[in-house]
Amino acid sequence: MVVVEPVIRVRGLHKSYGELEAVRGIDLDVAGREVFAFLGPNGAGKTTIVEILEGYRERSAGEVVVLGADPADPPSQWRQRIGIVLQECNLQPELTVRESLELYAGYYTAPRSVAETMELVGLDQAADQRAGRLSGGQQRRLDVALALVGDPELLFLDEPTTGFDPSARRQAWEMIASLRGLGKTVFLTTHYMEEAQALADRVAIISGGEIVAEGAPDELGGRSDAASSISFRLPAGVAAADLPGEVLRAIGGGGPANGEVQLRTEDPVAILNALTGWALARDLKLDGLEVRRPSLEDVYLELTE
Amino acid sequence: MSGIELALHQFRFDQKVFWRNPASVFFTVMFPVMFLVLLGVIVNGQTIHAQGGIDATTYFVPAVITLAVVSASMANLAMSLTILRETGILKRLRGTPLPSWVFVAGRIGNALVTSLLMFALVTVLGRLLFGVPIPWSRLFILVVTLVVGSASFCALGVALTTIIPSREAAPAITNLVVFPLYFLSGVFIPESEIPSGVLHVADVFPIRHLFDALLAGFDPATATSGFQLGDVAAVAAWGVFGLVVALRRFRWEPHI
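Residue numbers (the working numbering), protein chains in the order written: chain Z, 1 to 305; chain X, 1001 to 1256.
Just so you know, not all the hints are guaranteed correct.
Per label pair, the in silico range of CB-to-CB distance [as the list claims (entries may be wrong)]:
| no. | chain 1 | residue 1 | chain 2 | residue 2 | range |
| --- | --- | --- | --- | --- | --- |
| 1 | Z | Thr162 | X | Phe1241 | 41 to 49 Å |
| 2 | X | Arg1248 | Z | Asp165 | 40 to 48 Å |
| 3 | Z | Asp73 | X | Ser1166 | 48 to 56 Å |
| 4 | Z | Thr162 | X | Gln1015 | 52 to 60 Å |
| 5 | X | Val1144 | Z | Asp70 | 45 to 53 Å |
| 6 | X | Ser1100 | Z | Asp27 | 44 to 52 Å |
| 7 | X | Ile1004 | Z | Gln77 | 14 to 22 Å |
| 8 | Z | Arg292 | X | Arg1249 | 51 to 59 Å |
| 9 | X | Leu1199 | Z | Gly132 | 43 to 51 Å |
| 10 | Z | Gly43 | X | Val1124 | 57 to 65 Å |
| 11 | X | Glu1253 | Z | Ala226 | 36 to 44 Å |
| 12 | Z | Ser60 | X | Asn1175 | 49 to 57 Å |
Pairs of lysine to any residue residues, derived as SDA-like cross-links and limited to a Cα-Cα distance of at most 20 Å, are as follows [unchecked claim]:
| no. | chain 1 | residue 1 | chain 2 | residue 2 |
| --- | --- | --- | --- | --- |
| 13 | X | Lys1016 | Z | Gly106 |
| 14 | X | Lys1016 | Z | Arg98 |
| 15 | X | Lys1016 | Z | Pro93 |
| 16 | Z | Lys285 | Z | Thr304 |
| 17 | X | Lys1016 | Z | Ala105 |
| 18 | X | Lys1016 | Z | Asp128 |
| 19 | X | Lys1016 | Z | Gln129 |
| 20 | Z | Lys285 | Z | Ala239 |
Selected chain X positions facing chain Z (in silico; Cβ < 10 Å) [unchecked claim]:
| no. | residue |
| --- | --- |
| 21 | Arg1012 |
| 22 | Arg1020 |
| 23 | Thr1087 |
| 24 | Gly1088 |
| 25 | Leu1090 |
| 26 | Leu1098 |
Just so you know, these hints were derived from the structure itself, not from any lab. Keep in mind it's a predicted model, so treat the numbers as computed, not measured. Where is the CB? At the ideal position from N, CA and C, for every residue including glycine.
Based on the provided sequences and hints, a complete structural model is requested.
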């Protein structure tokens, strides 16, 4: 069996600032070519952890391996292999898009071509504009381009779309999703649930310096097999007692309020079958019939509160 | 790329940034030129009773060169590095394979080249506008003085960033440090007008020594080779002090 070394491996990571314990025992594995998202509210410890992985901050305890090296004491070639986009845009306003990329390309031994990088982030039309005159969304794309021009294996994106309007965010997502085709490993942090859901193969929810849930966005917090909720309005002139037995049992003790029936079930298919069969046979309408699985938002709010 | 090639690469882009930034061009280039022209027009034909009597315009050419070197080196680095630090650009550079010394070398190279350029510009303007003789025989000595001065003031500029808390504070603190010294050191006012006690205070600081060394080079009455070893050593000592502070205290990350 071939054992593939994860691109990022973290065990028992702790970080304290004086009395404050910002990170309290994190374990983490990120595989090659994976898009991994750290999802959590502001102040959860996301940036602290990312900056430890990037080599900006020292840890208090634990083991951290990024691309086979300890980021606190990396070998000289290590930075050739990673690309970093910090939370704030850090552009030199006097340089054009092309010049900014040429400058950064010079730092790397095997850079991606500047023209190709501009195309990748959709800035080829703005090549000769100065960075200071770009729109907010364009500046962020140049920021990402600066991290990509070294052709890194691993890309860190710290809250890449914070402060964006919805259309700029949508564009940024498309761009990040397109990086998947390049075979890069992407580690991103975000406090937007939709962002994690749209981009990531795997999400870890972090709260109070700990990982409280981890998994594919669809399965997070046991969402794939969690109870669904079914709700509908009782047709006029029909009593709750007239409902079929399966439905009544699922409702349990809680009867309908103002004719609104709400129930939770592990087996929505059987309940819906009984309910709709019953309604069809009596030629009844079930207004407001709705089946819901817990959304990532429900899971997130439950876990981070 | 080797370290040297990389430093040249960085230097090339730093030059673009410098010349495209209106504030740095104004303070480093326009301001000294304006100062030379205004002072020259006002004092033209007068004699300053310093150094045993010197033509006033000849006095102010090295004074304005001092102003330009301190601007291009200390003031410019203190302000631009603080802005780079506070906008996170330095932090970002730390995340690339660029070695820190290469980055700093590029910036210092930038200041050196700008200082030499200003030396040439002010000297030529002094000759063309006011007939101040160009001291050809002491050119080498002046360039050596200039290079030592520029490098020392660069180190002091980097050191100065360590006490500047924010980008908004950068111009205020920098000007607060240099402007009083320009006045006290005889850069703005002829030294014959300054009480000797004040000049002794100014003697503690490097601006006065750089000016003295350059003045000796331009003064036709200077008997010796014109190289002021004592002054140049005093400037260099301040440079070493700046270097020590910079190495110990320089921060790459913004204040939060």
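The hints, checked one at a time:
no., hint, verdict
1, Z/Thr162 x X/Phe1241: 41 to 49 Å, "holds (42 Å)"
2, X/Arg1248 x Z/Asp165: 40 to 48 Å, "holds (45 Å)"
3, Z/Asp73 x X/Ser1166: 48 to 56 Å, "violated (32 Å)"
4, Z/Thr162 x X/Gln1015: 52 to 60 Å, "violated (34 Å)"
5, X/Val1144 x Z/Asp70: 45 to 53 Å, "holds (46 Å)"
6, X/Ser1100 x Z/Asp27: 44 to 52 Å, "violated (33 Å)"
7, X/Ile1004 x Z/Gln77: 14 to 22 Å, "holds (19 Å)"
8, Z/Arg292 x X/Arg1249: 51 to 59 Å, "holds (58 Å)"
9, X/Leu1199 x Z/Gly132: 43 to 51 Å, "holds (44 Å)"
10, Z/Gly43 x X/Val1124: 57 to 65 Å, "holds (59 Å)"
11, X/Glu1253 x Z/Ala226: 36 to 44 Å, "holds (43 Å)"
12, Z/Ser60 x X/Asn1175: 49 to 57 Å, "violated (42 Å)"
13, X/Lys1016 x Z/Gly106, "holds (16 Å)"
14, X/Lys1016 x Z/Arg98, "holds (13 Å)"
15, X/Lys1016 x Z/Pro93, "holds (11 Å)"
16, Z/Lys285 x Z/Thr304, "violated (39 Å)"
17, X/Lys1016 x Z/Ala105, "holds (17 Å)"
18, X/Lys1016 x Z/Asp128, "holds (14 Å)"
19, X/Lys1016 x Z/Gln129, "holds (14 Å)"
20, Z/Lys285 x Z/Ala239, "holds (14 Å)"
21, Arg1012, "holds (9 Å)"
22, Arg1020, "holds (4 Å)"
23, Thr1087, "holds (6 Å)"
24, Gly1088, "holds (4 Å)"
25, Leu1090, "holds (9 Å)"
26, Leu1098, "holds (5 Å)"
When the structure is compared with the earlier hints, violations turn up for hints 3, 4, 6, 12 and 16 and for no others.
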